[in-house]
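Protein chains: 2
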Amino acid sequence: MQTYISGIAAQEGKSATLKGWLYNIRSGGKIRFLLVRDGTGIIQCVASQADVGEETFELIDTLTQESSIEVTGTVRADKRAPGGYELVMTKLELVGRAADYPITPKEHGTAFLMENRHLWVRSRRQAAILRVRHEIVRAIRDFFDDRGFVLFDTPIFTPAACEGTSTLFETDYFGEKAYLTQSGQLYAESGAMALGKVYCFGPTFRAEKSKTRRHLIEFWMVEPEVAYLDLDGDMELAEDFVFYVVEQVLANRREELDIIERDTSPLEKIKKPFPRISYTECVDILNKAGHPFQWGNDLGGDEETIVSSQFESPVMVHHFPAEIKAFYMKNDPQDERLALGFDMLAPEGKGEIIGGGQREDDYDMLVKKIQAHNLPLEAFDWYLDLRKYGTVPHAGFGLGLERTVGWICGLSHVRETIPFPRMLHRLKP
Amino acid sequence: MQTYISGIAAQEGKSATLKGWLYNIRSGGKIRFLLVRDGTGIIQCVASQADVGEETFELIDTLTQESSIEVTGTVRADKRAPGGYELVMTKLELVGRAADYPITPKEHGTAFLMENRHLWVRSRRQAAILRVRHEIVRAIRDFFDDRGFVLFDTPIFTPAACEGTSTLFETDYFGEKAYLTQSGQLYAESGAMALGKVYCFGPTFRAEKSKTRRHLIEFWMVEPEVAYLDLDGDMELAEDFVFYVVEQVLANRREELDIIERDTSPLEKIKKPFPRISYTECVDILNKAGHPFQWGNDLGGDEETIVSSQFESPVMVHHFPAEIKAFYMKNDPQDERLALGFDMLAPEGKGEIIGGGQREDDYDMLVKKIQAHNLPLEAFDWYLDLRKYGTVPHAGFGLGLERTVGWICGLSHVRETIPFPRMLHRLKP
Numbered sequence: 001m002q003t004y005i006s007g008i009a010a011q012e013g014k015s016a017t018l019k020g021w022l023y024n025i026r027s028g029g030k031i032r033f034l035l036v037r038d039g040t041g042i043i044q045c046v047a048s049q050a051d052v053g054e055e056t057f058e059l060i061d062t063l064t065q066e067s068s069i070e071v072t073g074t075v076r077a078d079k080r081a082p083g084g085y086e087l088v089m090t091k092l093e094l095v096g097r098a099a100d101y102p103i104t105p106k107e108h109g110t111a112f113l114m115e116n117r118h119l120w121v122r123s124r125r126q127a128a129i130l131r132v133r134h135e136i137v138r139a140i141r142d143f144f145d146d147r148g149f150v151l152f153d154t155p156i157f158t159p160a161a162c163e164g165t166s167t168l169f170e171t172d173y174f175g176e177k178a179y180l181t182q183s184g185q186l187y188a189e190s191g192a193m194a195l196g197k198v199y200c201f202g203p204t205f206r207a208e209k210s211k212t213r214r215h216l217i218e219f220w221m222v223e224p225e226v227a228y229l230d231l232d233g234d235m236e237l238a239e240d241f242v243f244y245v246v247e248q249v250l251a252n253r254r255e256e257l258d259i260i261e262r263d264t265s266p267l268e269k270i271k272k273p274f275p276r277i278s279y280t281e282c283v284d285i286l287n288k289a290g291h292p293f294q295w296g297n298d299l300g301g302d303e304e305t306i307v308s309s310q311f312e313s314p315v316m317v318h319h320f321p322a323e324i325k326a327f328y329m330k331n332d333p334q335d336e337r338l339a340l341g342f343d344m345l346a347p348e349g350k351g352e353i354i355g356g357g358q359r360e361d362d363y364d365m366l367v368k369k370i371q372a373h374n375l376p377l378e379a380f381d382w383y384l385d386l387r388k389y390g391t392v393p394h395a396g397f398g399l400g401l402e403r404t405v406g407w408i409c410g411l412s413h414v415r416e417t418i419p420f421p422r423m424l425h426r427l428k429p
Numbered sequence: 001m002q003t004y005i006s007g008i009a010a011q012e013g014k015s016a017t018l019k020g021w022l023y024n025i026r027s028g029g030k031i032r033f034l035l036v037r038d039g040t041g042i043i044q045c046v047a048s049q050a051d052v053g054e055e056t057f058e059l060i061d062t063l064t065q066e067s068s069i070e071v072t073g074t075v076r077a078d079k080r081a082p083g084g085y086e087l088v089m090t091k092l093e094l095v096g097r098a099a100d101y102p103i104t105p106k107e108h109g110t111a112f113l114m115e116n117r118h119l120w121v122r123s124r125r126q127a128a129i130l131r132v133r134h135e136i137v138r139a140i141r142d143f144f145d146d147r148g149f150v151l152f153d154t155p156i157f158t159p160a161a162c163e164g165t166s167t168l169f170e171t172d173y174f175g176e177k178a179y180l181t182q183s184g185q186l187y188a189e190s191g192a193m194a195l196g197k198v199y200c201f202g203p204t205f206r207a208e209k210s211k212t213r214r215h216l217i218e219f220w221m222v223e224p225e226v227a228y229l230d231l232d233g234d235m236e237l238a239e240d241f242v243f244y245v246v247e248q249v250l251a252n253r254r255e256e257l258d259i260i261e262r263d264t265s266p267l268e269k270i271k272k273p274f275p276r277i278s279y280t281e282c283v284d285i286l287n288k289a290g291h292p293f294q295w296g297n298d299l300g301g302d303e304e305t306i307v308s309s310q311f312e313s314p315v316m317v318h319h320f321p322a323e324i325k326a327f328y329m330k331n332d333p334q335d336e337r338l339a340l341g342f343d344m345l346a347p348e349g350k351g352e353i354i355g356g357g358q359r360e361d362d363y364d365m366l367v368k369k370i371q372a373h374n375l376p377l378e379a380f381d382w383y384l385d386l387r388k389y390g391t392v393p394h395a396g397f398g399l400g401l402e403r404t405v406g407w408i409c410g411l412s413h414v415r416e417t418i419p420f421p422r423m424l425h426r427l428k429p
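Protein chains in written order, with the numbering used here: chain A, 1 to 429; chain B, 1 to 429.
Watch out, some of these pointers could steer you wrong.
Note that the list lumps identical chains together, so a pair holds whenever it fits in one copy or between two copies.
As the list claims (entries may be wrong) - Straight-line C-alpha distance at most 20 Å; calculated SDA-like pairs for lysine to any residue: (1) K388 - V367; (2) K388 - Y23; (3) K428 - I370; (4) K177 - S166.
Rather than coming from a laboratory, the hints here were simulated on the basis of the structure.
Throw the hints in and build the complete structure from the sequences for me.
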């Protein structure tokens, strides 16, 4: 019967068999301290020659890092032990002796670690980040599930290039051209008309030749879409959503944030309501901060960093110039130059984590916009149908999972936020 | 303030404003019965000329199917009304008049409905199926989350062709060839060595030119992988898992199963433990059923139907001939001709929903198998590393989501189990 380290407390004073890997070992005279990991935690196992016998004691001294072992012993509470418990060993069985493990406690270069990503995920820090990722995914799904949203998985293969083919991956689909999705939004809109409130959550792809700390070629995005929702309601939804996700991570993943050495005080300072500033106010902020910026330009990574650094909570920038936004955004009826869209910028200078807004719901206007963007009208016939058969005001947004994990974990690069990151020159392993 | 139909009970005797679409209308003298849907349900709204006024009453008679409307009125409990409530209308606002809606209550051909999938999802039956799909996804995630599994999202882009390129989609990845994943398993194995128990859950792709009721080109698969697990433990996990999923759907989605007209008695008859039969016993069953079948051949759809029809619960067929199974399966040490793998066949003749088993954990044996399958060894260097650095017995399985939804909903074809199915000649909309 296997005991997991995460559940070791229930075995206090009793015998337990752990099945895992040797993480590290310390020797002291007639005693050996084995750090054993099993994926759910790490525990110190204490072996004395008297307890385990001479043969096993000698075997222990031949064990290599990451060798797989089964250890049996008595669980003892010990306040000094990390995790509060240790195992007083009586038995050890070697399952698989590891060859010289390439990742040692010394510093390794990132390129080397990325090449060994299949092993690197075993390290405490990487495993902790992946657990936080899991928590964030769970919080995302719970948030929408608890509010009556219906999951609406949108397709990866799409027939038409929605915003130009330059950043799209293409494949042969039985003689036709198919493209890998960049966003499930257009499809999710059909879902909102059917089910009221929906979300999709899956991988998306951008064939961008950029090499930055914030970009992955393959990344996960969650995209809610709601019928009868306007820009204000959309921002409120985004605010409640991000607040909930942060709250859940703080409530359930303290241990992992400690391992990552994340200073949680910036996360604890986040308060509702989040600041909302217009794009035009944003231009002022930039110019006042000594960063000359002209109305009409798009915010880049540098601008996002400057603006978001001025606030403790995520900030929502709304009412961008319509010209720099996508064709499907609704223009502000008060000022046609502006789009009813918003971006949410994470604090600590982390930049955009959400983009969203109200969708164009007028058939004729949408036709005009598609044409103005030089997009093929016939590719959007089904999308236009949503305005032809019972159009309603509607809105939604997309949150990039890896950027959110990076921000919440306090990482400087998104490459550690997913098990196998896909980047410009990184397709392996 | 919008009231959703799903929450109408809380407004009994009070005023409520619904925002939705006109699903159907019946007329009788000075009274109109509007069936209004809002994505969360359908409710009957009763309009009398006295209550709504002449102008609105005339407007109602011009309303087309799927026109978007906001209706205000008083919520009244009525046992005869579907859902138990109706709305006595005082006000109606037309949001968007629908053009002639292509999907009418009359029968349409499947090709036509598939071309209008973006509208078809609005129908009661399709919406109900998608809600059951959501419930199944939620149950899947809850099952693994509650048992300490860590979500381990595996990549879509993979560098190497694992099992021949003939059924793989290929794309240009900045000058390299990349393939779309057929399974996250190999990557999930690295996760199991790091985190003990993991699962991945995402879209997978098979470029198969087959047109059957059980195949999609793009389908979702959940794949748990567990360190220190053998075939028996794996089958037990699969049994608990599928039983839990069925239980959750029966507990939470009765209404939707009613709409789909699913006879739930076969689902209610499912009991643990599920029958377990060896492949060799399976060959006997087929031959006794008058279906001549030779030991060594793989089970096809027909064979799966015959075998699964003999049991009320899902049946697990184990110990297949190693020759017909994938290179990564471990051979039975008792009989090297057999693989430690299993398939789970859904009842009611629905065929395979799960494939899984224990993985080859011996380095030298795995090298031999890769070579015997004529696969390029260098593509598997990282996968072999998992046997080099602390190998352990481990096992897992993959469950196809759409087949499971199809079985639980009692559908004859998988195309209705996902919002936008991708099939051999179906890439649009």
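Status of each hint after checking the structure:
1. K388 - V367: within (11 Å within a copy, 59 Å between copies)
2. K388 - Y23: Cα proximity of K388 and Y23: across copies only (15 Å, versus 62 Å in one copy).
3. K428 - I370: Between copies, since 19 Å is at most 20 Å while 38 Å is not.
4. K177 - S166: both (14 Å within a copy, 18 Å between copies)
Figure legend: structure checked against the earlier numbered hints; every hint is met.
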